[in-house]
Amino acid sequence: MLPQSNAARIEFEEVYYRDHNNKIDVRLQLANGDILHFRHYDGTKKEIKDFSLDRIVGTRMEYSLNAKKAIGDSLSNDWHFENIIIRRNGEFNDDLFYAEELDTTLEFGVRDLVFRPNVIEAMNNRELDEFIAEQEKTGSSKISYYLIKKHERWSSPFAIFILTLIGVSVSSKKSRGGMGLNLALGLGICVLYIFSMQMTTVAALNVGFTPILAVWLPNIIFSIIAYVLYLKAPK
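The sequence shown maps to residues 336 to 570 in my numbering.
Calculated from the structure, these hints are not laboratory results. On a predicted model such as this, the values are computed, not experimentally measured, just so you know. Be careful, since some hints might not be right.
Subject to a maximum C-alpha distance of 16 Å in a straight line, what follows is the list of computed EDC-like cross-link-like pairs (lysine to aspartate or glutamate) [said to hold, decoys possible]: (1) Lys-381 with Glu-426; (2) Lys-484 with Asp-464; (3) Lys-404 with Glu-426.
Cβ pair distances, simulated, as ranges [unchecked claim]: (4) Asn-428 with Ala-343: 50 to 56 Å; (5) Asp-360 with Val-563: 23 to 29 Å; (6) Leu-410 with Ser-340: 19 to 25 Å; (7) Ala-343 with Asn-424: 45 to 51 Å; (8) Asn-459 with Asp-385: 19 to 25 Å.
Note that CB positions come from ideal geometry on N, CA and C, so glycine has one too.
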């Protein structure tokens, strides 16, 4: 239910209050090994400036496409190019093609190049797995982020149970300081949990820490804390 609800929410946000999705100086390796680069994507006009696509086989560039402007269809792999130059490098001779305008179809669409990371919130588990597999083929630098979001779908429900058990165990113990001390202790544990989650997430994104371990390690540690507090709580 959540991915479907998020899809409607994200669509509403894009239409009414989010800034336009602009990208600057993007370089990607596509699934088939091609290298793509563009200088600027204007989310308002839905167009790309200084678009280039290179196909390298072995150590030789086999094909290159350069265009001053590119406009991609958001629902298909159809493209419209302006001031386009296509060079095909042969073994002895090169073929050079120039056109002021050209409509063609490529193996990818503009939706594969420019998107907000929050679009994965609208994907179900199967779609998310397929999306991550495609991004791994392209060598995307955001693989760790996508894997963290995938594993958080399973770890977050467990975190709710763990923190609830900690809260019940702490609040059931009477102390001379009254409920204030118990509340402070419970709040402190929650803060430590959030801090540990952020720390492991940053480690996964920046220093190569395993994403699944980054998501589940706080749950493992605090489940042990919850169990100990439960054993010490008044029955």
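Of the numbered hints stated earlier in the document, which are not met by this structure? 1, 3, 5 and 8
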